[in-house]
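**Student:** Sequence:
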Amino acid sequence: MQLSLLSDFRKVLKITLMGIFLFGGLSCAGNFFEGLSNKTTEEALYEDALKLIDSGEYTAAIAKLLSLPAEYRARREVIGTLSGAYASRCGQDFFTMVSNMGSSSGAPMLFFMNMFTSTSVSPADCYSAQTTLEQIGGSSARTASENFYMFFLGMSKVGTTLRKYADANQDGVMDVMPTTATNFNSCTSTVTSTASLEISDDDVKQVITGLGLVFDNVASVSASLAGNSAITDFNTFKTTCAALTGVPNCAITNPNDPAITATVISTFRELLRTTDLGITGGTGPCNSTQITGLLVPPCC
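Going by the numbering used here, the first residue of the sequence shown is number 1, and it counts up by one from there.
Simulated from the structure, these hints should not be mistaken for lab results. A portion of the hints provided could be inaccurate.
[Stated by the list, open to error] Below, in silico cross-link-like pairs of lysine to any residue (SDA-like), each with a Cα-Cα straight-line distance of 20 Å or less:
1) K164 x S222
2) K164 x T188
3) K51 x E77
4) K164 x S122
5) K238 x G106
6) K51 x L66
7) K238 x D257
8) K238 x A219
9) K164 x S139
10) K238 x N249
11) K164 x D201
12) K238 x N254
13) K238 x T188
14) K238 x G293
15) K238 x E77
16) K164 x S120
17) K238 x Q290
Work out the full structure, taking the sequences as your base and the hints as a guide.
**Tutor:** What follows is the structure, encoded as structure tokens:
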């Protein structure tokens, strides 16, 4: 099963972007600075952080936001702004991602990875963006715009993690191991200096929970895009993922969730090696119907 993303998903993405931009606290764009007179120290610090975000100085903006008193930092708009700053430092640049879509594959995991081919990535910051916004609560406690953002952030978690470990040379193709003739090896967690393109269990968990964010928040997108075939594709992928892992809806969003068992991690390691769902670009050793969760041939 492949996602028919190149046309329909553009529509999803464009409408997602509009939702994010309307949700000003997560925008990282535009001018937020009004009513500058009679500002408290906290308000002045917050405005300084917004100016830093506007100029792309995300690390300085994050430091400024974290210096705010806890009570002020707990405001919904501040939580949103801090999450957006982390997401931007992670590599979530909307316009770059849109421009990369033209060369993206239909296989969903490769599609997500290829959204970041020309972007510097810091996947840990995507997780910080997630946990920051989760201070508001789960999907039922968040607004539709916030859930739109989390849907998009889930794709960024998956894409930046895979870009970092499987496409270090940023050419949109799964890398070849530096000292062997084999492709990127998702089947082992042993990360060494001579096998630097392998991926740890913790990073596989970020891929799992990135997809979980997508699946957990797809309903918010579906409400706005009822009948769009890309949404149907995501729901099909969700069903396939659940069938492969045994996890209902595959909507795990916490990497520390005990539902992410060793077998689930192994299943995702194999999934990355598939032609129809993974990142092999159609040249992988197996397809999703052959996944066992046991790291055995033909997938691993």
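**Student:** Would you mind marking each hint as holding or not holding in the structure?
**Tutor:** A quick look at each hint next to the structure:
1. With a CA separation close to 30 Å, the supplied pair K164 and S222 exceeds the 20 Å bound.
2. Pair hint K164 plus T188 holds up; C-alpha atoms about 16 Å apart against a cutoff of 20 Å.
3. The straight-line distance between the Cα atoms of K51 and E77 is roughly 15 Å, inside the 20 Å bound, and the hint therefore holds.
4. Our distance criterion of 20 Å between C-alpha atoms is met by K164 and S122, whose separation comes to about 8 Å.
5. Under the criterion of a C-alpha separation no larger than 20 Å, the hint pairing K238 with G106 is consistent with the structure, at around 16 Å.
6. Restraint check: the Cα-Cα separation between K51 and L66 comes to about 15 Å, which is no more than 20 Å; the hinted pair holds.
7. A C-alpha spacing of about 18 Å is found between K238 and D257, which places the hinted pair at or below 20 Å, so the restraint holds.
8. At roughly 12 Å between alpha-carbon atoms, K238 and A219 fall within 20 Å of each other, so this suggested pair holds.
9. Of the pairs offered as hints, the one joining K164 and S139 is violated, with about 28 Å between alpha carbons and a cut-off of 20 Å exceeded.
10. For the proposed pair K238 and N249, the alpha carbon gap of about 6 Å is at most 20 Å, so the pair holds.
11. In summary, the hint linking K164 to D201 is supported, as the alpha carbons are separated by about 15 Å, within the 20 Å threshold.
12. With a CA separation close to 17 Å, the supplied pair K238 and N254 stays within the 20 Å bound.
13. A hinted pair counts as satisfied when its Cα atoms are at most 20 Å apart, and K238 with T188 does not qualify at roughly 25 Å.
14. This hinted pair checks out: K238 and G293 have alpha carbons roughly 17 Å apart, not beyond 20 Å.
15. For the hint linking K238 to E77, the alpha-carbon distance of about 31 Å lies beyond 20 Å, and the restraint is violated.
16. Proposed proximity of K164 and S120 is supported: the alpha carbons are some 9 Å apart, at most 20 Å.
17. Taken as a hint, the K238 and Q290 pair is honoured in the structure, with Cα atoms around 18 Å apart against an allowance of 20 Å.
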